[in-house]
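Novice: Read off the chains here:
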Amino acid sequence: MLKVTDLRFAYSRRSAPVLRGVSFELADGEVGIVLGRNGSGKTTLFSNILGINSPDSGSIEFDGADLTKMPRRERAKLIAYVPQDIRFGALSVFDSVLMGRVARFGLTAGEEDREQTRRVLDEVGLAALAERTVTELSGGERQKVAIARALAQEPRLLVLDEPTGNLDIENERLILEEARKLARSRNIGVLSSLHDLNRALGFGDRFFFIKEGVVKYDCRREDVTADMINDVFGGRVRMVEFEGEKIILDEKKKI
Amino acid sequence: MREEARSRRLKRAAVIAILAALVVVLGFACLFAGSSGMTVRECFAAFAKKGTAAQNRIIWNIRVPRVLAAIIAGAGLSVSGLVMQTSLSNSMASPSTLGVSNAAVFGANLSLIAFAGGYLNGGHNASDFTFGANPFATSAVAFAFALLSVLLILGLCRIRSFSPGVVVLAGIAMGSVWTAGTTIMQFYATDVGLSAAVIWSFGDLGRATYTNDLIMLAVVAVGSVFFILMSWRYNALLSGDAAARTMGVNVDRLRFFSMLLASMITAVCVSFLGIIGFVGIICPHTIKKLIGQDHRFSTPASLLAGSLLLLISDTFARSVGHGSALPVGAITTLLGAPFFVAVILAGRRDG
Chain A
976 MLKVTDLRFA YSRRSAPVLR GVSFELADGE VGIVLGRNGS GKTTLFSNIL
1026 GINSPDSGSI EFDGADLTKM PRRERAKLIA YVPQDIRFGA LSVFDSVLMG
1076 RVARFGLTAG EEDREQTRRV LDEVGLAALA ERTVTELSGG ERQKVAIARA
1126 LAQEPRLLVL DEPTGNLDIE NERLILEEAR KLARSRNIGV LSSLHDLNRA
1176 LGFGDRFFFI KEGVVKYDCR REDVTADMIN DVFGGRVRMV EFEGEKIILD
1226 EKKKI
Chain B
2 MREEARSRRL KRAAVIAILA ALVVVLGFAC LFAGSSGMTV RECFAAFAKK
52 GTAAQNRIIW NIRVPRVLAA IIAGAGLSVS GLVMQTSLSN SMASPSTLGV
102 SNAAVFGANL SLIAFAGGYL NGGHNASDFT FGANPFATSA VAFAFALLSV
152 LLILGLCRIR SFSPGVVVLA GIAMGSVWTA GTTIMQFYAT DVGLSAAVIW
202 SFGDLGRATY TNDLIMLAVV AVGSVFFILM SWRYNALLSG DAAARTMGVN
252 VDRLRFFSML LASMITAVCV SFLGIIGFVG IICPHTIKKL IGQDHRFSTP
302 ASLLAGSLLL LISDTFARSV GHGSALPVGA ITTLLGAPFF VAVILAGRRD
352 G
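Order-wise, the sequence lines are chains A and B. Letter by letter, the first sequence follows residues 976 to 1230 of my numbering. Letter by letter, the second sequence follows residues 2 to 352 of my numbering.
Misleading hints may appear alongside valid ones.
[What the hints assert, rightly or not] Simulated crosslink set (SDA-like; lysine to any residue; CA at most 25 Å straight-line):
hint : chain 1 : residue 1 : chain 2 : residue 2
1    : A       : Lys1052   : B       : Asp253
2    : A       : Lys1044   : B       : Ile160
3    : A       : Lys1044   : B       : Phe257
4    : A       : Lys1052   : B       : Ser232
5    : B       : Lys12     : A       : Arg1089
6    : B       : Lys290    : A       : Arg1117
7    : B       : Lys290    : A       : Leu1112
8    : A       : Lys1052   : B       : Leu230
9    : B       : Lys12     : A       : Glu1106
10   : A       : Lys1052   : B       : Ile160
11   : B       : Lys290    : A       : Arg1062
12   : A       : Lys1052   : B       : Arg254
13   : B       : Lys12     : A       : Gly1085
14   : B       : Lys290    : A       : Leu1104
15   : B       : Lys290    : A       : Glu1111
16   : A       : Lys1044   : B       : Phe258
17   : A       : Lys1044   : B       : Arg254
18   : B       : Lys12     : A       : Ala1102
19   : B       : Lys290    : A       : Ser1113
20   : B       : Lys290    : A       : Gly1114
21   : B       : Lys12     : A       : Leu1104
22   : A       : Lys1052   : B       : Ser325
23   : A       : Lys1044   : B       : Leu152
[Said to hold, decoys possible] Pair by pair, the computed Cβ-Cβ distance ranges are:
hint : chain 1 : residue 1 : chain 2 : residue 2 : range
24   : A       : Glu1087   : B       : Thr180    : 48 to 54 Å
25   : B       : Arg58     : A       : Glu1086   : 42 to 48 Å
26   : B       : Arg254    : A       : Val1215   : 51 to 57 Å
27   : B       : Ile160    : A       : Asn1013   : 31 to 37 Å
28   : B       : Thr210    : A       : Glu1090   : 49 to 55 Å
29   : B       : Leu215    : A       : Arg1048   : 32 to 38 Å
Bear in mind the hints are in silico, worked out from the structure with no lab data behind them. Just so it is clear, CB atoms sit at the ideal spot from N, CA and C, and this is done for glycine as well.
Please take these sequences and the hints and turn them into a complete structure.
Specialist: Pasting the structure below:
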């Protein structure tokens, strides 16, 4: 279980703090969605959890262990990341995924690492592309490689920053369903940001609304209201129920 | 898929094997080519130390250390370029991005103009500047300044944890300061001192001695072992700093030691041989085009490609110069640049 308590962070002493006391918890097997306006600090929150930046104060714990004091390699065995801007060197898909295990194998990959890599490639449906060079793939395929790489780390928590940015509507659905399935089957936590609120409502179990550097609302899917969204995003939306699903609409639009 | 895997592996193996074979063959060919008029048979005899005393000396005292210097320095400069490019995430980075070469030139100028020329010998006797006098002292001063420059920049990086972009800019600034110092010194130099200093800065493998080779070998070997061991971490770094960190790579430490070792290799090579530019750009980029960026393969291939380029360039430099070899630094660029452009334009596949 991930437990973030009163997390504070500013990029420099002179700049305004981005996180001003963020607290929340995410259980294993749960999908948590972080929502907030552009620049509200979603990526900053992730980078603190991942150890790319270190918090000014507050604590980040996983199963009671303090992540901020954990050596990088140990942390990499617990948490994996799919960044918003995905970059790869000109390596094969197989090697790019195998690379995710570097924290586990250190200097050279062993047979166990290759076996795990093959398994993950099968799982996300990339086996057929294993020997292609990543830089030749489409944006959506690269996104899948990044997810496969994160899974190869065998993490207990998967952090996804806008995982559907490069994907068409069908791939978007597939990736999110895959992530949800993984959360259940591997019993790992998934923490993700998502622009599309309707997608988010279909994908997440828990919702963390960030406003002014704190988690202003923290609720389960069934408790999300249009008021929360309007407060955090400053827009005017309404929520309707359609065949048991919550759908968010712009106020002026009609069905 | 199987086919692709096999052809990829085959290509990598073929490129590395061919490069290795070429280095060996050309290494020997260089031993046997030169202006002394020895036949191949005589060369073989001399190589086995069964020729005349003079022939033995030409092979063992002049050509062998020179060929070794080409192999070692070429490999070192090339692999340093590769590592600098990856660790700074900048394809324009080169072994001397931190201003090492400029600092070494400054040191050499100081030694040749201020010490040897200005104070010790009065600077009016050309023979005082022949490299036979005490080339080791000049190299030592050059190396001291190169080292100073590297430590200054890396020290700053350590204190303020610079981003790669800032490191590159700081390196350019640092290099410019050394060059400005060199210019001022050269302005006040005597004609003889000036020409000695300018000629020193031309890369020349003829200066190599066994001692130089051994020192270069030690530094290049230590660096290369580190670079090869870190292959997977460099691969991770190709995905960007943030991604590499979340894969458990200590990016700051890796970058620090990579820059330190690459710059040390460059400092040693430049201090002993003068400036041999462009090897660190041409070779790694050509290799990346040919077999991709995977450091497990691009590192050994870059080592070999550097040796090969310097061997070819030196052979060329010695054979067109009519007795006096042309500066090999100019030849590497002259031969390498058109080839490089051709490589870039030819295959736009492997990024």
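Novice: The structure should be examined with respect to each hint, and the outcome stated for every one.
Specialist: Consistency of the hints with the structure:
| no. | hint | verdict |
| --- | --- | --- |
| 1 | Lys1052/A with Asp253/B | holds (19 Å) |
| 2 | Lys1044/A with Ile160/B | holds (21 Å) |
| 3 | Lys1044/A with Phe257/B | holds (22 Å) |
| 4 | Lys1052/A with Ser232/B | holds (20 Å) |
| 5 | Lys12/B with Arg1089/A | holds (21 Å) |
| 6 | Lys290/B with Arg1117/A | holds (20 Å) |
| 7 | Lys290/B with Leu1112/A | holds (17 Å) |
| 8 | Lys1052/A with Leu230/B | holds (21 Å) |
| 9 | Lys12/B with Glu1106/A | holds (13 Å) |
| 10 | Lys1052/A with Ile160/B | violated (29 Å) |
| 11 | Lys290/B with Arg1062/A | holds (18 Å) |
| 12 | Lys1052/A with Arg254/B | holds (19 Å) |
| 13 | Lys12/B with Gly1085/A | holds (23 Å) |
| 14 | Lys290/B with Leu1104/A | holds (21 Å) |
| 15 | Lys290/B with Glu1111/A | holds (14 Å) |
| 16 | Lys1044/A with Phe258/B | holds (23 Å) |
| 17 | Lys1044/A with Arg254/B | holds (17 Å) |
| 18 | Lys12/B with Ala1102/A | holds (22 Å) |
| 19 | Lys290/B with Ser1113/A | holds (20 Å) |
| 20 | Lys290/B with Gly1114/A | holds (22 Å) |
| 21 | Lys12/B with Leu1104/A | holds (19 Å) |
| 22 | Lys1052/A with Ser325/B | violated (60 Å) |
| 23 | Lys1044/A with Leu152/B | violated (29 Å) |
| 24 | Glu1087/A with Thr180/B: 48 to 54 Å | holds (53 Å) |
| 25 | Arg58/B with Glu1086/A: 42 to 48 Å | violated (54 Å) |
| 26 | Arg254/B with Val1215/A: 51 to 57 Å | holds (54 Å) |
| 27 | Ile160/B with Asn1013/A: 31 to 37 Å | holds (33 Å) |
| 28 | Thr210/B with Glu1090/A: 49 to 55 Å | holds (52 Å) |
| 29 | Leu215/B with Arg1048/A: 32 to 38 Å | holds (37 Å) |
The structure is inconsistent with the numbered hints 10, 22, 23 and 25, although it conforms to all the rest.
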